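Novice: Protein chains in written order, with this note's numbering: chain A, 964 to 1356; chain B, 964 to 1356.
Simulated from the structure, these hints should not be mistaken for laboratory data.
Possibly wrong hints are sitting among the right ones.
Where chains are identical, the list cannot tell them apart; a pair therefore holds if satisfied intra-copy or between any two copies.
As the list claims (entries may be wrong) - Below, a list of computed lysine-lysine pairs in the DSS-like style, where the Cα atoms sit at most 25 Å apart: (1) K1207 x K1303; (2) K971 x K1303; (3) K1290 x K1222; (4) K1303 x K1098; (5) K1308 x K984; (6) K1083 x K1308; (7) K1098 x K1222; (8) K1169 x K1098; (9) K1098 x K1308; (10) K984 x K1349; (11) K1083 x K1349; (12) K984 x K1083; (13) K1349 x K1290; (14) K1083 x K1207; (15) K1169 x K1222; (16) K1303 x K1169; (17) K1308 x K1290.
Bear in mind the structure is a predicted one, so any value in this text is a computation, not a measurement.
2 protein chains.
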Amino acid sequence: MEDVTYPKGFTAWGLSAGIKKNGNPDLGVLVSEPPAQAFGALTTNAVQAAPVQYCRRVLDGGSAVSHVLVNSGNANACTGARGLTDVHAEVAALREVGSPRGEVLVSSTGVIGEYLPMEKLFSGIANLFESGAAKSPFVQAIMTTDTFEKKTQASLLVGGREVRIGGVAKGAGMIRPNMATMLCYLTTDIALERGYRPTFLDAVTKSFNSISVDGDMSTNDTCVLLANGASGIAYQNLSDIDRKAYDQALRSVMVELAKAIIRDGEGATKLITIEAVGAPDDASAQDVCRAIANSPLVKTAFFGCDANWGRVLAAAGSCGVPLETEKLALEFCGIGVMAKGAALKYDEADLTARMRSRDVSVRVDLGMGLSHWTYWTCDLSYDYVKINAAYRT
Amino acid sequence: MEDVTYPKGFTAWGLSAGIKKNGNPDLGVLVSEPPAQAFGALTTNAVQAAPVQYCRRVLDGGSAVSHVLVNSGNANACTGARGLTDVHAEVAALREVGSPRGEVLVSSTGVIGEYLPMEKLFSGIANLFESGAAKSPFVQAIMTTDTFEKKTQASLLVGGREVRIGGVAKGAGMIRPNMATMLCYLTTDIALERGYRPTFLDAVTKSFNSISVDGDMSTNDTCVLLANGASGIAYQNLSDIDRKAYDQALRSVMVELAKAIIRDGEGATKLITIEAVGAPDDASAQDVCRAIANSPLVKTAFFGCDANWGRVLAAAGSCGVPLETEKLALEFCGIGVMAKGAALKYDEADLTARMRSRDVSVRVDLGMGLSHWTYWTCDLSYDYVKINAAYRT
Chain A
964 MEDVTYPKGF TAWGLSAGIK KNGNPDLGVL VSEPPAQAFG ALTTNAVQAA
1014 PVQYCRRVLD GGSAVSHVLV NSGNANACTG ARGLTDVHAE VAALREVGSP
1064 RGEVLVSSTG VIGEYLPMEK LFSGIANLFE SGAAKSPFVQ AIMTTDTFEK
1114 KTQASLLVGG REVRIGGVAK GAGMIRPNMA TMLCYLTTDI ALERGYRPTF
1164 LDAVTKSFNS ISVDGDMSTN DTCVLLANGA SGIAYQNLSD IDRKAYDQAL
1214 RSVMVELAKA IIRDGEGATK LITIEAVGAP DDASAQDVCR AIANSPLVKT
1264 AFFGCDANWG RVLAAAGSCG VPLETEKLAL EFCGIGVMAK GAALKYDEAD
1314 LTARMRSRDV SVRVDLGMGL SHWTYWTCDL SYDYVKINAA YRT
Chain B
964 MEDVTYPKGF TAWGLSAGIK KNGNPDLGVL VSEPPAQAFG ALTTNAVQAA
1014 PVQYCRRVLD GGSAVSHVLV NSGNANACTG ARGLTDVHAE VAALREVGSP
1064 RGEVLVSSTG VIGEYLPMEK LFSGIANLFE SGAAKSPFVQ AIMTTDTFEK
1114 KTQASLLVGG REVRIGGVAK GAGMIRPNMA TMLCYLTTDI ALERGYRPTF
1164 LDAVTKSFNS ISVDGDMSTN DTCVLLANGA SGIAYQNLSD IDRKAYDQAL
1214 RSVMVELAKA IIRDGEGATK LITIEAVGAP DDASAQDVCR AIANSPLVKT
1264 AFFGCDANWG RVLAAAGSCG VPLETEKLAL EFCGIGVMAK GAALKYDEAD
1314 LTARMRSRDV SVRVDLGMGL SHWTYWTCDL SYDYVKINAA YRT
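Take the sequences, apply the hints, and build the full model.
Specialist: Below, the structure is given as structure tokens:
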């Protein structure tokens, strides 16, 4: 399967620049020819890494982007003014050897509070454009402790012609001291105008902002979409139906990558799909989902294959949405366990068997309206504690 | 040490009514003679157990309270209209045998979604007032899986005369399906008027609402203060200094019980004190503390004795308070690890030794103002997962 290089006009590769101590690939570049209209969703954490600050300015400027430079092994976060100077130095080095025709985006993930090893970066950037140097896939260069590569591709026909979408992501990798940084790069060879931004952000909300491993938000979270128009097709010339089909395809790619991140959550044994239906509005539905997804009591119950509806209810009730107990209904893995606020009788053996699956679900009907939301999370296992606590003891 | 019976005019006891399967005490009564002015802080969860709904009405009415009836083993939550009928039946049964001179408050903790075993309750209530029946301490009757009794007492001299305060609490006990219900009963022999309510609620905010085991909020959480005036001293007649001393003594009792709950958090190996200082206002300080306290990444790092300031920063930055990275400073166990947004050099061996203590702390200076807050939480250990997941597998 290809990934960000699947749409026309995109190339991407990586190498080991020696930033990671284990010698794994840690520097990658994604190139768009022609330069692409870029869309970004960056962390809303008040503490923002230097590359995120830099990208925000580039994206706000609106100029076409030709290169994305990413390193793993060092997050360039909490590095003060020098962190930003280092980003500018990276971009300058890339401009020298890569001759970008457009703007350059920069991401970093890994250790925080340490300055970037600039000598390693400079020679790594030079090697990226050196034909003799050993190269590796771009997706590998952005990984930290991800246990598998997260990549996908999709194509669809609009007006009889093909447009393509590709994507790679990295999830909750743990390096000390660390945070669970999410990086995602999406490419497409359709032409998108700046006005597409709200549609892109809506897809981000319904994919990467609807997942949670442990509810923490990184200083470096970044999701970027590059649209270079190399297919010769422009979104603005499409029919309404084709536009919707494209939006849907893009969102599916993003949801797939988001779910891959959750499957690779630290110590995760299950992908939990949380649905809130019957909500008075989208925000309430999302709040209920998020409260359930982030409850350690709910997550440990799922690890124990326990359809513990009391915990789900307590979590849902604590998020500020004015639930009415007597209207609530709850399903685990398709089996109703509560309706109108009171327990239902159900086949416990059947439900337990379903709860042992790797893909489980909980569905809450608030009985208050017509809005709904879907959220994905993973369970909380011994291994979560081990991965996040034990590397020092 | 005595507890709720330490102040004059209070008696309390319990017994086993057979609600818990293991035969432990599960029904208790606290009696005030004369009846007491009652203050309550009840769960703000949208899903509220029947006894909580009942107590809210009694407390809103403002009449003096003479009896508090508590059972463990069954939470009478998610029991619909019948749940409330059952509470009224309990009160009626108590009125028959206990001849209360005031109102009756009722609490329940334990399994949710099951109706109260009323026959057991009726005979238990009768036995409570039967001189021949075997009695146990009140504090034991309210415990679920608490591993130790949480009780305290305090006295102070105001104008040369003694007033007393006593309290018991139960913490995050786990019964299936369950939630981590917090119950606390405070007694005092000073006379308090209804106008004392804001002071009481402020103390609740700074004690029980400033702790977190796992961030979940129960359908049954209840904190009640009974003030019966049996000391002959009225708060309203005190000097300003004595009033402050009394307020402080009451708050200390509440903080002590709150910290006991955290020490007994499921699988907890550490009591973590979280301080936010330099905040623009109290709410921001509290938000920052809560975000840090509820972060599983922070909690597992503490379990691993790891002063992981990246995680603390990421948690603080995600709560919506507009932190300015370059103003932030961070201390673990009294050792500065970050200032002005950048890493400090410190003696890692010294810090690791301090992090191995049972009592650890983290202090964040936001550099934005003069407000501060203190919060208490525990670490997230293998045993947390075990206790909350493993009883079924």
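Novice: I want to check one pair: K1349 and K1290. Are their C-alpha atoms no more than 25 Å apart within a copy, between two copies, both, or neither?
Specialist: Neither. Shortest intra-copy (40 Å) and inter-copy (33 Å) distances fail the 25 Å Cα cut-off.
Novice: Checking K971 and K1303: alpha-carbon separation at most 25 Å within a copy, between copies, both or neither?
Specialist: Result: close neither inside a copy nor across copies, 53 Å intra and 46 Å inter.
Novice: From the Cα coordinates, with 25 Å as the cut-off, is the pair K1083 and K1349 best called within, between, both, or neither?
Specialist: neither (32 Å within a copy, 44 Å between copies)
Novice: Cα distance capped at 25 Å. Does K1290 pair with K1222 within a copy, between copies, both, or neither?
Specialist: Intra 30 Å, inter 36 Å, cutoff 25 Å: neither.
Novice: Is it within, between, both, or neither for K1303 and K1169, if the alpha carbons may be no more than 25 Å apart?
Specialist: neither (29 Å within a copy, 36 Å between copies)
Novice: One pair to classify: K1308 and K1290, alpha carbons no more than 25 Å apart. Within, between, both, or neither?
Specialist: Within one copy, since 17 Å is at most 25 Å while 56 Å is not.
Novice: For K1098 and K1222, with the copy left unspecified, which applies at a CA distance of at most 25 Å: within, between, both, or neither?
Specialist: neither (28 Å within a copy, 55 Å between copies)
Novice: Since the copies are identical, ignore which copy is meant and state whether K1303 and K1098 lie within 25 Å (CA to CA) inside a copy, between copies, both or neither.
Specialist: neither (60 Å within a copy, 39 Å between copies)
Novice: Within, between, both or neither: how does the pair K1308, K984 come out at a Cα-Cα threshold of 25 Å?
Specialist: Classified as between: cross-chain Cα gap 22 Å, same-chain 56 Å, threshold 25 Å.
Novice: How do K1207 and K1303 come out at 25 Å by Cα distance, when the copy is not named: within, between, both, or neither?
Specialist: Intra 37 Å, inter 48 Å, cutoff 25 Å: neither.
Novice: Taking 25 Å as the upper bound on the Cα-Cα distance, should K1169 and K1098 be classified as within, between, both, or neither?
Specialist: Intra 34 Å, inter 57 Å, cutoff 25 Å: neither.
Novice: State whether the alpha carbon distance between K984 and K1349 is at most 25 Å within one copy, between copies, both, or neither.
Specialist: within (21 Å within a copy, 34 Å between copies)
Checked against the numbered hints given earlier, this structure breaks hints 1, 2, 3, 4, 7, 8, 9, 11, 13, 14 and 16; the rest are met.
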